[in-house]
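Chains as they are written, first to last, in our numbering: chain A, 1 to 321; chain B, 1001 to 1329; chain C, 2001 to 2301.
Since the hints were derived computationally from the structure, they do not count as laboratory data.
Keep in mind the model is a prediction, meaning the values are calculated, not measured.
Wrong hints could be hidden among the right ones.
[As the list claims (entries may be wrong)] Listed below are the simulated SDA-like cross-link pairs for lysine to any residue, each with C-alpha atoms no more than 25 Å apart in a straight line:
{"#": "1", "chain 1": "A", "residue 1": "Lys240", "chain 2": "A", "residue 2": "Gly251"}
{"#": "2", "chain 1": "B", "residue 1": "Lys1027", "chain 2": "B", "residue 2": "Arg1304"}
{"#": "3", "chain 1": "B", "residue 1": "Lys1016", "chain 2": "B", "residue 2": "Ile1307"}
{"#": "4", "chain 1": "B", "residue 1": "Lys1016", "chain 2": "B", "residue 2": "Met1105"}
{"#": "5", "chain 1": "B", "residue 1": "Lys1065", "chain 2": "C", "residue 2": "Leu2296"}
{"#": "6", "chain 1": "A", "residue 1": "Lys236", "chain 2": "B", "residue 2": "Glu1073"}
{"#": "7", "chain 1": "B", "residue 1": "Lys1027", "chain 2": "B", "residue 2": "Pro1066"}
{"#": "8", "chain 1": "A", "residue 1": "Lys236", "chain 2": "B", "residue 2": "Gly1031"}
{"#": "9", "chain 1": "A", "residue 1": "Lys240", "chain 2": "A", "residue 2": "Ser59"}
{"#": "10", "chain 1": "B", "residue 1": "Lys1065", "chain 2": "A", "residue 2": "Gly127"}
{"#": "11", "chain 1": "B", "residue 1": "Lys1065", "chain 2": "C", "residue 2": "Ile2138"}
{"#": "12", "chain 1": "A", "residue 1": "Lys236", "chain 2": "B", "residue 2": "Ala1222"}
{"#": "13", "chain 1": "B", "residue 1": "Lys1065", "chain 2": "A", "residue 2": "Gly251"}
{"#": "14", "chain 1": "C", "residue 1": "Lys2164", "chain 2": "C", "residue 2": "Ile2135"}
{"#": "15", "chain 1": "B", "residue 1": "Lys1065", "chain 2": "A", "residue 2": "Pro114"}
{"#": "16", "chain 1": "A", "residue 1": "Lys236", "chain 2": "B", "residue 2": "Arg1095"}
{"#": "17", "chain 1": "C", "residue 1": "Lys2164", "chain 2": "A", "residue 2": "Met294"}
{"#": "18", "chain 1": "A", "residue 1": "Lys240", "chain 2": "B", "residue 2": "Met1105"}
{"#": "19", "chain 1": "A", "residue 1": "Lys7", "chain 2": "C", "residue 2": "Ile2138"}
{"#": "20", "chain 1": "A", "residue 1": "Lys236", "chain 2": "B", "residue 2": "Glu1301"}
{"#": "21", "chain 1": "B", "residue 1": "Lys1285", "chain 2": "B", "residue 2": "Ala1249"}
{"#": "22", "chain 1": "A", "residue 1": "Lys236", "chain 2": "A", "residue 2": "Gly55"}
{"#": "23", "chain 1": "B", "residue 1": "Lys1065", "chain 2": "A", "residue 2": "Met294"}
{"#": "24", "chain 1": "A", "residue 1": "Lys236", "chain 2": "B", "residue 2": "Thr1113"}
{"#": "25", "chain 1": "A", "residue 1": "Lys236", "chain 2": "B", "residue 2": "Arg1304"}
{"#": "26", "chain 1": "A", "residue 1": "Lys7", "chain 2": "C", "residue 2": "Arg2137"}
{"#": "27", "chain 1": "A", "residue 1": "Lys240", "chain 2": "B", "residue 2": "Ala1222"}
{"#": "28", "chain 1": "A", "residue 1": "Lys236", "chain 2": "B", "residue 2": "Arg1134"}
{"#": "29", "chain 1": "B", "residue 1": "Lys1016", "chain 2": "B", "residue 2": "Gln1102"}
{"#": "30", "chain 1": "A", "residue 1": "Lys236", "chain 2": "B", "residue 2": "Asp1085"}
{"#": "31", "chain 1": "A", "residue 1": "Lys236", "chain 2": "B", "residue 2": "Met1089"}
{"#": "32", "chain 1": "B", "residue 1": "Lys1065", "chain 2": "C", "residue 2": "Lys2164"}
{"#": "33", "chain 1": "A", "residue 1": "Lys7", "chain 2": "C", "residue 2": "Lys2164"}
{"#": "34", "chain 1": "B", "residue 1": "Lys1016", "chain 2": "A", "residue 2": "Arg216"}
{"#": "35", "chain 1": "B", "residue 1": "Lys1065", "chain 2": "A", "residue 2": "Phe232"}
{"#": "36", "chain 1": "A", "residue 1": "Lys7", "chain 2": "C", "residue 2": "Gly2129"}
{"#": "37", "chain 1": "A", "residue 1": "Lys236", "chain 2": "B", "residue 2": "Arg1133"}
{"#": "38", "chain 1": "B", "residue 1": "Lys1027", "chain 2": "B", "residue 2": "Ala1091"}
{"#": "39", "chain 1": "B", "residue 1": "Lys1203", "chain 2": "B", "residue 2": "Ala1222"}
{"#": "40", "chain 1": "B", "residue 1": "Lys1065", "chain 2": "B", "residue 2": "Ser1053"}
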Amino acid sequence: MFGYLIKRFIQMIFVLWIVSVLVFVMMSFTGDPTYMMVPLDATDEQIEQARRILGLDQSHLVQYWRFLTNLLQGDFGRSFVFRQPALQLIMERLPATLEIVFLAMIMALVVAIPLGVYAGAYPQRAGSRALMAGSLVGISLPGFWLGMVLIFIFAVKLQMFPSSGRGPTEVIWGMRLSFLSWEGFRHLILPAVTLSIGTLAILMRIIRAEMMEVLRQDYIKFARAKGAANRFVLFKHGLKNALIPLITVFGLMLGDLIAFATLTETIFAWPGIGKLLVDSIYRGDRPVIVVYLMFVAFLFVVVNFLVDVAYALIDPRIKVT
Amino acid sequence: MTAQTDAPLLRVCGLKTWFHTFGGVVKAVDGVSFDLSPGEILGIVGESGGGKSMVGFSIMGLIDKPGRIEAGEIIFDGRNLVSLDDNAMQAVRGRQIAMIFQDPMTALNPLYTIGNQLEEMLTLHTDLGPQARRERCIEMLAEVGIPQPEARLGAYPHQFSGGMRQRVVIAIAMIAGPRLLIADEPTTALDVTIQAQLLRLMKAQVEQRRTALIMITHDLAAVSQMADRIVVLYCGRVVEIGASAALIAGPRHPYTRGLLDSIPANHQGRSRLPQIPGTVPDIRKLPPGCSFAPRCPRAAERCRSEIPELTAAPAGGAFACHFPLEAAP
Amino acid sequence: MATNMPAAPSALRRFMASELAHNWLRSASAIAGSIIILGFVVMVTAGPYLTAQNPYDVRQLDIMEAFKPPMWLEGGTGQYILGTDQQGRDVWASIVYGSRISLFIGLAAMLGSALIGATLGLVAGFYGGRLDTVIMRIADIQLSFPSVLIALVLMSAFGTGVDKVLIALVSVGWVVYARTVRGATLREKSREYVQAARVSGLPNHKIILKHVLPNVLTPLIVIATIQVGTFILIEASLSFLGVGVPITQPSLGLLIKNGFDVLFSGLWWISVFPGLFIMLVVFGINLLGDFLRDELNPRLK
């Protein structure tokens, strides 16, 4: 187990290093950030000076080395726009994103598991067919558009929920969170529903497919031959086997949710890291984009690692070496 | 025929189990009849694809769509299982009739310990308390020859070899004390050396409890040493039925003869093992007459047009052939 | 060379002529999907003949006609079935022209991804070694990031433009082909007849064309079908965020963005209808893709 952890840790470092190279190369494409730093009426001399300060007059290799060593020292640069450390910006906005991401994930799981199990256990029933068609619609619609439709119906027309913004927050462990007050929670609902639909639809289809696969196995028939009731067989012998593969898609699910949070947060003016990224792209705020990417990469790598470990712990067949 | 004093435990009568697929109706079991006394061992023999597994699943009431029992009766202990609803059937499965599957690698749920899966049987069918259940499980594992049974209760299926797993499956099948055990190719997936051990174990288990046993297999040699009587199936129909010894010594149906000839031990010294020519036909497109006619050395015009009826032989047993082989002297 | 072609493509053609077509006619969802797709193809090819207005010809626009609701609502007219937007542009006409761009991007990006991905997969699988390692490492790392996010960041570096959207989509789309093709190539490479062909001195490109490609064609068809839908959705997301197509070439996604600004004033039709059309076309593609996957993947049968 220990050797496995070491191996995975080295892999993680390697992936992060590759990401840092890719991010650096990509950022070199975005053009010269000097113009973001200097006044519009700057003289050539001033621009030249700014370039020297930014280190842009040196070779790409030297620039990358500086970029990397700064990263390793925890120095991710300062936002051109906010004039404060970019990492701090991300950290301030992270709780808002995590809040809608986790709520969306919980909603998706709570709805998708029973529906997926039902559709997989009784694939021929009309209800299952309707669920499958519905989930296909869920996969086919643009999530941001659904958010707009929800805003129009529930905020503009029915005025049941606020249309945008975060509402009141309370501070817990240094994080500003919305879900603790009813008013704050009301602000959370529409964004979280919007975000969850795509994941919900995909999850349901995965669970259905897994369930159908599991129910074909011999041990299901053997359990029935033991004289167990169908429902008992379904839940004891079917469900657990069908849900284990879900652990492996957890990382992908989280990734998708964080990615689509950029759109959801933009529509609902939700002050999370997704909206920060989109705003920074508009403003050409390069350090913030870099930190966002490195941070998200770090998050994914860690989550994927945890997923693998969890999988090994839960499935008795898998031995980590 | 010997007079049967006690009523048969199981009487299968005109059983037809058909599968309605897009390609046509598959008559996997097409009019099969036999009976079984308490404690008797019956072998059901045939080539793969001959519908013999479906006989077992029909008795268990585990035929899945698109399959259906079209006709026939399965009288077990005076009750017709075909007419029972699912709840009533659940009380029969496992408790009255247990089943052993072909592949021990897939019959056990990989995510539960064998202790759990063994105990499940007792939870389902007995009123024993947790402690008593545990003790019974340990006892049963010891009985089927699992070393250190107490320690092995907490082990998962993947930690056992194939032979050991099949012992666990036998333990699960026997633990609730069924009156009939159906073993569907119980040793086919295992090494030859282990096959004999497991067959002995099964025979010992059923004899000890006077459990009736239906051995479904393609291996006529193995079953002839165990079974009291043998049913030979071909394309979903019974072609011959009789007491083991008599059937082996003097088969009346050419198909039984063919099966016997392809057993290696019967042909020591010959250079080449004879085989039945041809293959089992597509069961959806059976010939109009005797299903075996296209492969049969004795087939005549009549065989190709008229399905032979199962007729009783004077010496006991029955066969379905227009031109049977000579009875053994 | 024509006589030298393998049996596989003709077998495939025969297969298409029989069972697949037969099942296709029996599957309600496959027919529905095909009709939807066919409808869109007709719509984008017949384009200008279906609309009274060219929404990009400023001379045809009349600001006095702005904010007209759909025809069945009060104030709507038969001239603008789905209403008009801020500039008096016919929403239906915008959708017809926007669908062209959305569909074009989806199809072109799919073709590009398939071509590049399959080539890299073939090369990686066939030659192995360091090249294989490098290509597959990149693919692995890329797969652990959501496609939308990668495309978004790439577009932020490139700036808007149809060509840039295509590059961004191909950059995220090639991986799935590369992996599939590489796997199949490795499998085929170890087969005896391929070994024999190599020993007998058949050039590599011929081995690839003759033995490897026909075997991966079916999974690629399934992947490609579904990918067109995925790409249409990603493009819409990018354009909605303002980093996709330029305003001179508005796709369906950009139309939604335009309508978003006025949604709060109750002018829902400007953004809702383009979204409905995206949903419809992607739904049609997914229906067909699902059908193909079930039919062409024997494992699931």
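Verification of the supplied hints:
Proposed proximity of Lys240 of chain A and Gly251 of chain A is supported: the alpha carbons are some 19 Å apart, at most 25 Å. Between the alpha carbons of Lys1027 of chain B and Arg1304 of chain B the distance comes to roughly 19 Å, so the proposed pair stays at or under 25 Å and holds. Our distance criterion of 25 Å between C-alpha atoms is met by Lys1016 of chain B and Ile1307 of chain B, whose separation comes to about 16 Å. For a cut-off of 25 Å, the pair hint linking Lys1016 of chain B to Met1105 of chain B is broken: about 30 Å separates their Cα positions.
This hinted pair checks out: Lys1065 of chain B and Leu2296 of chain C have alpha carbons roughly 23 Å apart, not beyond 25 Å. Between Lys236 of chain A and Glu1073 of chain B the alpha-carbon distance is near 32 Å, which puts this suggested pair outside the 25 Å criterion. Taking the CA atoms of Lys1027 of chain B and Pro1066 of chain B, the gap is near 12 Å; set against the 25 Å cutoff, the hint holds. Between Lys236 of chain A and Gly1031 of chain B, the direct Cα distance comes to roughly 37 Å. Violation of the 25 Å bound is thereby established for this hinted pair.
Between Lys240 of chain A and Ser59 of chain A, the direct Cα distance comes to roughly 56 Å. Violation of the 25 Å bound is thereby established for this hinted pair. A threshold of 25 Å between alpha carbons decides the hint, and for Lys1065 of chain B with Gly127 of chain A the separation of about 19 Å falls inside it, so the pair holds. A threshold of 25 Å between alpha carbons decides the hint, and for Lys1065 of chain B with Ile2138 of chain C the separation of about 46 Å lies outside it, so the pair is violated. Under the criterion of a C-alpha separation no larger than 25 Å, the hint pairing Lys236 of chain A with Ala1222 of chain B is inconsistent with the structure, at around 36 Å.
As the CA atoms of Lys1065 of chain B and Gly251 of chain A are separated by approximately 37 Å, the hinted pair breaks the 25 Å bound. With a CA separation close to 23 Å, the supplied pair Lys2164 of chain C and Ile2135 of chain C stays within the 25 Å bound. Restraint check: the Cα-Cα separation between Lys1065 of chain B and Pro114 of chain A comes to about 24 Å, which is no more than 25 Å; the hinted pair holds. Restraint check: the Cα-Cα separation between Lys236 of chain A and Arg1095 of chain B comes to about 19 Å, which is no more than 25 Å; the hinted pair holds.
Distance restraint check for Lys2164 of chain C and Met294 of chain A: the Cα-Cα separation of roughly 23 Å lies within the 25 Å cut-off, and the hinted pair is therefore satisfied. Restraint check for Lys240 of chain A and Met1105 of chain B: satisfied, since their Cα atoms lie roughly 18 Å apart, inside the 25 Å limit. Of the pairs offered as hints, the one joining Lys7 of chain A and Ile2138 of chain C holds, with about 19 Å between alpha carbons and a cut-off of 25 Å not exceeded. Distance check on the hinted pair: Lys236 of chain A and Glu1301 of chain B sit about 57 Å apart at the alpha-carbon level, beyond 25 Å; violated.
For the given pair, Lys1285 of chain B sits about 33 Å from Ala1249 of chain B by alpha-carbon distance, which is inconsistent with the 25 Å threshold. Between the alpha carbons of Lys236 of chain A and Gly55 of chain A the distance comes to roughly 63 Å, so the proposed pair goes past 25 Å and is violated. Distance restraint check for Lys1065 of chain B and Met294 of chain A: the Cα-Cα separation of roughly 53 Å exceeds the 25 Å cut-off, and the hinted pair is therefore not satisfied. The straight-line distance between the Cα atoms of Lys236 of chain A and Thr1113 of chain B is roughly 13 Å, inside the 25 Å bound, and the hint therefore holds.
Between the alpha carbons of Lys236 of chain A and Arg1304 of chain B the distance comes to roughly 51 Å, so the proposed pair goes past 25 Å and is violated. Pair hint Lys7 of chain A plus Arg2137 of chain C holds up; C-alpha atoms about 16 Å apart against a cutoff of 25 Å. About 38 Å separates the Cα atoms of Lys240 of chain A and Ala1222 of chain B, which puts this hinted pair outside 25 Å; it is violated. A distance of roughly 20 Å separates the Cα atoms of Lys236 of chain A and Arg1134 of chain B; the hinted pair therefore holds under the 25 Å criterion.
Restraint check for Lys1016 of chain B and Gln1102 of chain B: the C-alpha separation of about 23 Å stays at or below 25 Å, so the hint holds. Taking the CA atoms of Lys236 of chain A and Asp1085 of chain B, the gap is about 22 Å. The hint holds against a cut of 25 Å. Proposed proximity of Lys236 of chain A and Met1089 of chain B is supported: the alpha carbons are some 20 Å apart, at most 25 Å. With a C-alpha separation of about 53 Å, the suggested pair Lys1065 of chain B and Lys2164 of chain C falls outside the 25 Å cut-off, and the hint is violated.
At roughly 38 Å between alpha-carbon atoms, Lys7 of chain A and Lys2164 of chain C are farther apart than 25 Å, so this suggested pair is violated. Proposed proximity of Lys1016 of chain B and Arg216 of chain A is supported: the alpha carbons are some 24 Å apart, at most 25 Å. A distance of roughly 20 Å separates the Cα atoms of Lys1065 of chain B and Phe232 of chain A; the hinted pair therefore holds under the 25 Å criterion. Distance hint between Lys7 of chain A and Gly2129 of chain C is fulfilled; the C-alpha atoms sit about 22 Å from each other, no more than 25 Å.
With a CA separation close to 19 Å, the supplied pair Lys236 of chain A and Arg1133 of chain B stays within the 25 Å bound. Of the supplied pair hints, the one linking Lys1027 of chain B and Ala1091 of chain B is violated, its CA atoms being roughly 28 Å apart against a limit of 25 Å. Between Lys1203 of chain B and Ala1222 of chain B the CA atoms are separated by roughly 12 Å; this keeps the pair inside 25 Å, and the hint holds. Between Lys1065 of chain B and Ser1053 of chain B, the direct Cα distance comes to roughly 16 Å. Compliance with the 25 Å bound is thereby established for this hinted pair.
Of the numbered hints listed earlier, those contradicted by the structure are 4, 6, 8, 9, 11, 12, 13, 20, 21, 22, 23, 25, 27, 32, 33 and 38.
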